[in-house]
Amino acid sequence: EPEVTQTPSHQVTQMGQEVILRCVPISNHLYFYWYRQILGQKVEFLVSFYNNEISEKSEIFDDQFSVERPDGSNFTLKIRSTKLEDSAMYFCASSADRSGVDTIYFGEGSWLTVV
Amino acid sequence: AQKITQTQPGMFVQEKEAVTLDCTYDTSDPSYGLFWYKQPSSGEMIFLIYQGSYDQQNATEGRYSLNFQKARKSANLVISASQLGDSAMYFCAMRAPSTDSWGKLQFGAGTQVVVTP
Numbered sequence: 750e751p752e753v754t755q756t757p758s759h760q761v762t763q764m765g766q767e768v769i770l771r772c773v774p775i776s777n778h779l780y781f782y783w784y785r786q787i788l789g790q791k792v793e794f795l796v797s798f799y800n801n802e803i804s805e806k807s808e809i810f811d812d813q814f815s816v817e818r819p820d821g822s823n824f825t826l827k828i829r830s831t832k833l834e835d836s837a838m839y840f841c842a843s844s845a846d847r848s849g850v851d852t853i854y855f856g857e858g859s860w861l862t863v864v
Numbered sequence: 082a083q084k085i086t087q088t089q090p091g092m093f094v095q096e097k098e099a100v101t102l103d104c105t106y107d108t109s110d111p112s113y114g115l116f117w118y119k120q121p122s123s124g125e126m127i128f129l130i131y132q133g134s135y136d137q138q139n140a141t142e143g144r145y146s147l148n149f150q151k152a153r154k155s156a157n158l159v160i161s162a163s164q165l166g167d168s169a170m171y172f173c174a175m176r177a178p179s180t181d182s183w184g185k186l187q188f189g190a191g192t193q194v195v196v197t198p
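Respectively, the protein sequence lines represent chains B and X.
If you read the first sequence in our numbering, its first letter stands for residue 750, the second for the next number, and so on.
If you read the second sequence in our numbering, its first letter stands for residue 82, the second for the next number, and so on.
Misleading hints may appear alongside valid ones.
[Stated by the list, open to error] Cβ-Cβ distance ranges computed for the label pairs, FRET-style: (1) Trp-860(B) to Gln-95(X): 26 to 34 Å; (2) Glu-834(B) to Gln-164(X): 18 to 26 Å; (3) Asn-777(B) to Gly-124(X): 22 to 30 Å; (4) Leu-788(B) to Glu-96(X): 25 to 33 Å; (5) Gly-91(X) to Trp-860(B): 16 to 24 Å; (6) Asp-110(X) to His-759(B): 36 to 44 Å; (7) Ile-127(X) to Met-764(B): 31 to 39 Å; (8) Asn-800(B) to Thr-197(X): 45 to 53 Å; (9) Trp-860(B) to Gly-143(X): 26 to 34 Å; (10) Gly-143(X) to Gly-765(B): 30 to 38 Å; (11) Glu-96(X) to Met-764(B): 40 to 48 Å; (12) Gly-821(B) to Lys-154(X): 34 to 42 Å; (13) Thr-197(X) to Gly-789(B): 21 to 29 Å.
If you are wondering where the hints come from, they were derived from the structure by calculation, not from laboratory data.
C-beta atoms are modelled at their ideal positions from N, C-alpha and C, and glycine is treated no differently.
Based on the provided sequences and hints, a complete structural model is requested.
Next up, the structure:
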């Protein structure tokens with residue numbers, strides 16, 4: 750079964766460092782997303798991406814965050830200068846179209862620990 | 082504003098029994114989708130089942146079924162014949178695809194299920 754893959758599975762970084770989380774969405778999907786889950790809390794939407802541009806972003810997704818689809822297969826989330834509160838599980842997800850019956854599939858997540 | 086509520090923080094269920102996880106939602110969109118995901122202790126988010134607001138029948142996927150009561154705005158997940166591997170956190174999520182919010186899932190707080198032998 751096709752799946753969304755994410756790397757790294759776990760990353761520890763120092764506060765202030767840049768981090769890039771990588772995702773390979775399901776190959777025929779058109780819509781891509783990043784979500785995050787702070788330990789013990791709800792899953793929160795960060796950003797959606799379609800046709801090489803951001804289609805929606807949440808209040809969490811400030812200027813420190815950016816997304817890119819550099820080569821037609823990878824989808825990346827960059828955090829420019831990490832803060833302690835960025836420590837969370839980051840999920841990449843993808844879906845096929847706007848039909849209303851398609852499913853959003855999640856990757857296995859990338860644990861980010863900022864120290 | 083859209084809202085998803087899961088009122089059961091945790092529950093125990095015996096192996097081979099059925100369990101119902103509650104989910105209520107609130108939206109003014111006539112077209113929306115409801116999802117259930119399973120998150121084991123390893124952390125990944127596994128899709129279980131989907132129900133569209135216009136679907137005439139309740140969704141089923143193997144041992145998972147969704148008890149969709151549109152008038153009551155509830156979308157409860159039923160897991161039949163529980164297995165030890167069903168122990169996990171279960172999240173209900175809603176997507177209301179207005180022009181601006183396509184793809185944005187709103188998640189409930191989750192229900193932790195522990196299956197006991």
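Tested hints:
no., hint, result
1, Trp-860(B) to Gln-95(X): 26 to 34 Å, "holds (32 Å)"
2, Glu-834(B) to Gln-164(X): 18 to 26 Å, "violated (37 Å)"
3, Asn-777(B) to Gly-124(X): 22 to 30 Å, "holds (26 Å)"
4, Leu-788(B) to Glu-96(X): 25 to 33 Å, "holds (29 Å)"
5, Gly-91(X) to Trp-860(B): 16 to 24 Å, "holds (23 Å)"
6, Asp-110(X) to His-759(B): 36 to 44 Å, "holds (37 Å)"
7, Ile-127(X) to Met-764(B): 31 to 39 Å, "holds (32 Å)"
8, Asn-800(B) to Thr-197(X): 45 to 53 Å, "holds (48 Å)"
9, Trp-860(B) to Gly-143(X): 26 to 34 Å, "holds (29 Å)"
10, Gly-143(X) to Gly-765(B): 30 to 38 Å, "violated (47 Å)"
11, Glu-96(X) to Met-764(B): 40 to 48 Å, "holds (45 Å)"
12, Gly-821(B) to Lys-154(X): 34 to 42 Å, "holds (41 Å)"
13, Thr-197(X) to Gly-789(B): 21 to 29 Å, "holds (23 Å)"
Of the numbered hints listed earlier, those contradicted by the structure are 2, 10.
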